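J.: Each residue of the sequence shown is one higher than the one before, starting from 1 at the first, in the numbering used here.
Simulated from the structure, these hints should not be mistaken for lab results. Bear in mind that the values here come from a model prediction, so they are computed numbers and not experimental data. Be careful, since some hints might not be right.
Here are the in silico distance ranges between beta carbons for each label pair [as the list claims (entries may be wrong)]:
| hint | residue 1 | residue 2 | range |
| --- | --- | --- | --- |
| 1 | Gln-545 | Glu-129 | 40 to 46 Å |
| 2 | Trp-615 | Pro-100 | 40 to 46 Å |
| 3 | Asn-464 | Lys-286 | 51 to 57 Å |
| 4 | Glu-508 | Lys-379 | 28 to 34 Å |
| 5 | Ile-152 | Gly-294 | 22 to 28 Å |
| 6 | Thr-442 | Asn-288 | 29 to 35 Å |
| 7 | Val-469 | Asp-595 | 22 to 28 Å |
| 8 | Glu-183 | Asp-614 | 16 to 22 Å |
| 9 | Pro-145 | Phe-512 | 51 to 57 Å |
| 10 | Asp-595 | Glu-143 | 40 to 46 Å |
Using N, Cα and C, we set each Cβ at its ideal position, and we do this for glycine too.
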Amino acid sequence: MEAESETPDSTNPPPPLAPSQSAPPQSEPPKSAPSTLGKRKPCKNASGVWDHFTKIKCENETSEARCICKYCKKDYACDGKRNGTSTLWHHLRSQCKSSPLRHEKRQKVLSFVGQAKGGNLVAHAFSKERCRIACVKMIIRDELPFSHVEGIGFREFLKEAQPRFDLPSRTTIARDVWDLYQEEKAKIKSVLTHNAQRVSLTTDTWTSIQNINYMVLTAHFIDDDWVLHKRILNFCVIPNHKGDTIGRLVEACLNGWGIDKVFTISVDNASSNDGCISYMKKRLEKWNSLIGDGSLLHVRCCAHITNLIVTDGMKEIHQSIESIRNCAKYIRGSSQRLEKFRACLEMEKVDTRTMVPLDVCTRWNSTYMMLESALKLQKGFERMEEDDSNFLGYFEEYEVHGKEKKKRVGPPTSLDWDNTKVFVKFLKKFYDATLRFSASKTVSSNAPLHEICSFLEEIDTMMNVDDVVMCKIATMMKRKFDKYWGNVNNINKLFFVAVILDPRYKMEYVEFCLGDLVSDENGVNDMSLEIKTLLHNLYDYYRKQNPAAAQVFHGNVESEGSLHVNNDVTKSSRLQKFLKSRRDKDVVEIRNEIDKYLLEPPVNLTNDEFKLLDWWKENATKFPILSNVAKDVFAVQASTVASECSFSTGKRVVDPFRSSLTPKTVEALICCSDWLRAEEFSYYKEPALEELDFYQALEKVEKGFLSFLH
1 MEAESETPDS TNPPPPLAPS QSAPPQSEPP KSAPSTLGKR KPCKNASGVW DHFTKIKCEN
61 ETSEARCICK YCKKDYACDG KRNGTSTLWH HLRSQCKSSP LRHEKRQKVL SFVGQAKGGN
121 LVAHAFSKER CRIACVKMII RDELPFSHVE GIGFREFLKE AQPRFDLPSR TTIARDVWDL
181 YQEEKAKIKS VLTHNAQRVS LTTDTWTSIQ NINYMVLTAH FIDDDWVLHK RILNFCVIPN
241 HKGDTIGRLV EACLNGWGID KVFTISVDNA SSNDGCISYM KKRLEKWNSL IGDGSLLHVR
301 CCAHITNLIV TDGMKEIHQS IESIRNCAKY IRGSSQRLEK FRACLEMEKV DTRTMVPLDV
361 CTRWNSTYMM LESALKLQKG FERMEEDDSN FLGYFEEYEV HGKEKKKRVG PPTSLDWDNT
421 KVFVKFLKKF YDATLRFSAS KTVSSNAPLH EICSFLEEID TMMNVDDVVM CKIATMMKRK
481 FDKYWGNVNN INKLFFVAVI LDPRYKMEYV EFCLGDLVSD ENGVNDMSLE IKTLLHNLYD
541 YYRKQNPAAA QVFHGNVESE GSLHVNNDVT KSSRLQKFLK SRRDKDVVEI RNEIDKYLLE
601 PPVNLTNDEF KLLDWWKENA TKFPILSNVA KDVFAVQAST VASECSFSTG KRVVDPFRSS
661 LTPKTVEALI CCSDWLRAEE FSYYKEPALE ELDFYQALEK VEKGFLSFLH
């Protein structure tokens with residue numbers, strides 16, 4: 001073997017001498033002898049195995065010489081007279097799991113990978129390590145209990161599928177989940193700490209069935225490839241829901257991740273969150289990373305405000321909603337009632353696949369979905385009232401509400417159904433807006449201004465209708481709307497900046513919207529100037545952070561009519577004054593990228609295939625500073641739904657059958673589940689054409705300089 005040829009000389013001793021060839025007596029050369037006579041015979045080159053092993057120093061002369069593997073830290077005997085290197089080579093090639101020399105000697109299996117992309121045929125080799133990691137990821141992604149790997153059915157299946165894989169125990173799986181969590185966390189931390197962009201945060205709190213308070217912290221940012229990312233940073237225990245406590249825990253989480261550049265924090269309208277924002281303003285100011293006076297940091301959840309507005313309106317139509325809710329409770333009370341209701345639907349020729357879902361009283365959107373489904377099945381409920389005597393008897397019963405007994409509301413009358421039809425149609429705009437606010441994979445910061453103006457228009461229209469009930473509903477909703485959005489100063493100015501940076505709208509649309517939100521013209525002009533000033537302040541701040549990317553602008557832009565003038569006309573002094581006055585009006589000074597961006601014609605609004613982030617990706621080299629502002633502005637979240645979604649995962653992870661999980665394990669499972677489902681980061685930034693031209697010109701200059709030297 002090759003390894004045997006690299007063993008020390010002691011492993012292959014020379015053949016013994018014949019008696020006639022006895023060796024001469026050994027004697028030391030005289031000290032006065034020339035140094036050339038005393039040189040030893042050059043030894044063989046050291047074995048390559050020592051690039052992977054480290055010799056351990058012996059404590060005394062009698063101790064056995066040993067070496068240790070640099071990868072798995074396993075030690076072996078390495079005495080030069082008694083041990084060779086074959087064992088060490090075998091360890092590197094067959095036993096050490098972390099060795100770069102390890103290879104799979106078994107025959108590989110051909111398999112199809114990526115059938116959606118055409119099904120590439122690749123050679124697949126079995127690896128216990130990859131199987132074990134895949135098993136851990138399956139447990140996390142599919143939210144399975146750790147004991148799943150010890151199930152009899154799963155073990156029988158795997159025994160047939162891959163008998164060479166030894167299934168780990170539940171304890172080993174739990175340990176591997178924690179190891180994978182630490183590994184994935186290190187990857188994300190390296191991206192966040194080296195990312196020049198700021199992160200926008202969302203946070204919320206939740207109490208599990210273990211009666212443990214959790215706080216979730218989610219980061220949102222856009223990478224170099226202009227892809228919006230969401231990552232759950234922490235899902236940790238919080239002792240109480242006080243504002244100062246939340247702020248301190250957010251600070252501790254950010255310190256653990258090495259994050260000090262925070263752009264915004266989106267929270268709901270709980271009063272404790274105001275204390276959290278105040279605390280974080282102080283901390284960011286001490287970190288020298290607070291933008292301006294900190295007024296942009298606090299973003300109130302638009303979905304939560306919409307919920308409060310609609311809930312107030314529902315109070316005026318409570319009786320109609322309650323009667324339909326009781327109908328849904330009745331038909332879902334037993335399987336016999338459900339079958340009877342389906343029979344009524346068949347007789348009325350209504351699709352029986354649609355059923356009425358029960359709503360959550362605190363979630364108006366679930367109530368909207370219940371009412372929308374009930375309207376489609378109205379004929380079935382009316383037929384149920386005629387054919388099922390128990391249906392009417394159900395509404396004669398009494399329910400306990402607190403300390404009082406009240407008769408059930410219902411069944412719904414024709415007036416109730418009419419009110420519900422109008423109300424559902426009215427709520428459709430609010431429901432669609434909530435979905436846009438809740439988006440976490442697409443930009444949502446440019447949506448609030450559009451929707452706020454649409455809400456105001458819808459409510460004002462409904463307040464002027466002849467229907468008394470709907471007029472009362474709109475009046476109640478307008479009162480709540482004015483509390484949060486009636487004063488334009490209560491709206492975070494970044495929502496206006498996001499619309500300006502949308503090339504389909506720009507500044508003209510912002511001024512158009514301000515006309516709806518502000519009553520007088522002077523107020524519109526003042527607010528418009530304030531928003532423009534904010535955009536320029538953001539631009540100046542980012543330019544100071546990256547002065548190398550700033551462009552130099554010279555000269556003015558003139559209209560085409562002032563460029564070509566007849567020579568005879570210029571002889572008249574009066575006409576010269578006229579031309580000068582026209583140039584003063586037509587000339588626009590370009591001082592920075594903002595002026596350059598606003599002067600470009602807007603993108604066609606009717607283009608349904610337009611993608612905002614793709615447009616900025618293509619034009620980032622044209623606006624290097626402004627594009628950095630756009631990255632952070634478009635990462636701002638209009639709602640806290642991204643954080644609230646993690647609570648749904650938490651309810652499935654910490655269910656009654658797994659309530660003994662430690663908070664650290666819960667955090668590892670929820671965070672890893674989010675990370676494994678997310679898209680990969682873009683680490684490589686493709687150079688633009690301008691950059692390539694610059695590099696090519698630089699290479700030519702360098703070649704010319706080298707030829708000059710030669």
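J.: Hints first: check each against the structure and report whether it holds.
T.: Verification of the supplied hints:
1. Range check, Gln-545 to Glu-129: about 43 Å between beta-carbon atoms, so the 40 to 46 Å window is met.
2. Distance hint check for Trp-615 and Pro-100: the Cβ-Cβ separation is about 44 Å, which falls inside the suggested range of 40 to 46 Å.
3. A C-beta distance of roughly 52 Å is found between Asn-464 and Lys-286, which places it inside the suggested range of 51 to 57 Å.
4. For the pair Glu-508 and Lys-379, the supplied restraint of 28 to 34 Å is violated, since their beta-carbon distance comes to about 49 Å.
5. A beta carbon spacing of about 59 Å between Ile-152 and Gly-294 contradicts the range 22 to 28 Å that was offered as a hint.
6. Range check, Thr-442 to Asn-288: about 32 Å between beta-carbon atoms, so the 29 to 35 Å window is met.
7. The hint said 22 to 28 Å for the Cβ distance between Val-469 and Asp-595, and at roughly 52 Å that hint is violated.
8. Taking 16 to 22 Å as the suggested C-beta distance range, the pair Glu-183 and Asp-614 does not conform, at roughly 32 Å.
9. Between Pro-145 and Phe-512, the C-beta spacing of about 55 Å keeps the proposed range 51 to 57 Å intact.
10. A hinted range of 40 to 46 Å for the beta carbons of Asp-595 and Glu-143 is inconsistent with their spacing of about 52 Å.
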